[in-house]
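Asks: Below, each chain spelled out in residue letters.
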Amino acid sequence: MLKINNLHVSIEGKQIIKGLSLSINKGEVHALMGPNGSGKSTLSYVLSGKEGYEIEEGTIEYNGKNLLDLEVDERANAGLFLAFQYPMEIPGVQTSFFLKTAINSKRKFLGMPEIDALEFAKLIKSQAEDLGIGSEMLKRDLNVNYSGGEKKKQEILQMSILKPDMAILDETDSGLDIDALRIVSEGVNKLRSEQNSFLVITHYQRLLNYIKPDFVHIIADGRIVKSGDFSLALELEEKGYEDISKTA
Amino acid sequence: MSTAVKLDMMPSKDISDYAEKVLLNNPFENFKIENYKYAQLHKSITSNVSLKEFKADFSSISSIKNIKLSDTSDIDMLSDLKKWNFNNTDSYFRVNSILERSSKKINLDLFREEIICLDLSLFKENIHLSKASDSPKTLMIINSNLSEDSARSIILNLSENAKLNIIHYNISNSKSFLYFEINQQNNSNLKFISFQSNNIHTRNEFFASLEENCSLDLCGLNIHNYGVNDNYSFIQHMKPSSQSREVFKSIVKSGAITNFQGKIYVDPIAQKTDGYQMSRSLILDNESKANNKPELEIYADDVKCSHGSTVSKLNQDQVYYFKSRGIDEEQAIKILQKAFLVETLEAIENTQIKEYSYSLLDSRL
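So the protein sequences, as listed, match chains A and U. Residue 15 is where the first sequence starts when you use the numbering used here, and the numbers rise one by one after that. Residue 4 is where the second sequence starts when you use the numbering used here, and the numbers rise one by one after that.
Worth flagging that the hints you see were computed from the coordinates, not collected in a lab. Ideal Cβ placement from N, Cα and C applies to all residues, glycine included. Keep in mind that a hint or two might mislead.
DSBU-like cross-link-like pairs, simulated, lysine-lysine; straight-line CA separation at most 30 Å [as the list claims (entries may be wrong)]: (1) A:122 to U:341; (2) A:64 to U:316; (3) U:194 to A:153; (4) A:153 to U:71; (5) A:139 to U:357; (6) U:337 to A:114; (7) U:337 to A:122; (8) U:292 to A:114; (9) U:256 to A:122; (10) A:139 to U:337; (11) A:153 to U:337; (12) A:165 to U:316; (13) A:136 to U:316; (14) U:68 to A:114.
To be clear about the criterion: a stretch of chain A counts as covered by chain U if any three or more of its residues have a C-beta under 8 Å from a C-beta of chain U, and this derived list gives those stretches [to be verified]: (15) 58-70; (16) 99-110; (17) 115-128.
Assemble the whole structure, with the sequences as input and the hints as a guide.
Replies: Below is the structure:
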């Protein structure tokens, strides 16, 4: 599904990712763990297509296509989703309007007619309820005056209704209390199937207790230095990044 | 305090001539005045963008009363120049139009309909409006296609306890120059929204004088004009306990210039005044310009007055967020423009007019 090969990325001349390779197959959940500044968020932005990142070397293949040829919105419509660490506040745009516009963009891409009002209301209601998002919140401006936890839930709601093939969760657990962490994880697990894949970026093993990954990768200084199964996350929690990087 | 205009600076007898001169023939060439700082009245502004003609089509709004000439009567319209608290500034336009042009009086209380439409292209005269009742009425003031005669003065008197909503559609495809003078007596309430688009060179002046316990909402929405779009406001609180709220928002592109200059004046006796002014401009390209100049002049000590002003480009991180959810850039930019402006339309009370204004905005994005 996603094949990253020898990726080198720089921002304003500064190299951040230095030869990263990673393959994610359909139905797999990969966790990417690493210290601050190791290139985790940069990787997520590069995958989603944010401007300002220079790809110096390497390839990214997504479902057989060159991902780097696609615009940000084309990647999203092709089934790639990034749940942001810091979701943008959009004053003046009602949350439910934003959700509807996003759904209709995908439907347009798929050659489907716009979603009808009743179907939309049903879809949103069921998904939002599961995440503990009240109808009052859907009427508010997108992410404006949302708490940290509400913003993350909103990202997962967007993910649930867009049903991506490949979802990247960028530190979705940061700023969440235990209850919110459980709710958000349940949202992710509900979507999990043999048809779609996840790249879960996190600092902490805690999230992985809820979202059990098939593979765990340690990133340090722009490269994957160690890969393994869930036990690697446990080892990391015990020894810390420095030790693991040394033994790599 | 007021500074009368010297007569030798007044250009011509006829107001349309005057507007022509103001807008084209440069009477202000060597003349610097703060109120006209950015208006570029001495310049002949032309548009290199082919304009789409706007025709006001209000067919979607039911039961409008269109004001006809027969609904009006003649009046001498003399504005009390002394009542305005200027500091070495004045409105040249007002002085000229009021002294040199005939006027028509319109009593808004005479109409039964809730929506009243004043199409300025039907009148060559200045307009003197009055309302004394508190019935919920919306007055639409249209200036669209006024190219033949693009200058008007409109004076509005609201009596004690009177209420009125005004929506001004300033979509002239050309040059236009309007002076609004608002006199609010005790406990009166006015919501005034000015929707400005598709103009080549405009100057809108809003002068409002508030007595006791009044409320004034003045909102300006300015999107995709060409050349220079200039708004000047002067709100004076002359008695205690009145509230004014002013929001002007502009979006410019294609080398256009948008200006906002606004002053809130609070008289020494106007204690408990609550004044708010916000001007924000969004610039979509590197060729366009925005000048915002908020001013406060406060002589009372127990007042609440705040103002803010921003000039910015579109937030690219917001555009990216939309795109990351599959929404294409063109649509994202449209939605963000609308989100930026929509606050100025929120005060519209009549749902038909509100919907029409939203659809008009959509068509201009």
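Asks: Against the earlier hints, flag every one the structure doesn't satisfy and list their numbers going up.
Replies: 4, 8, 13 and 14
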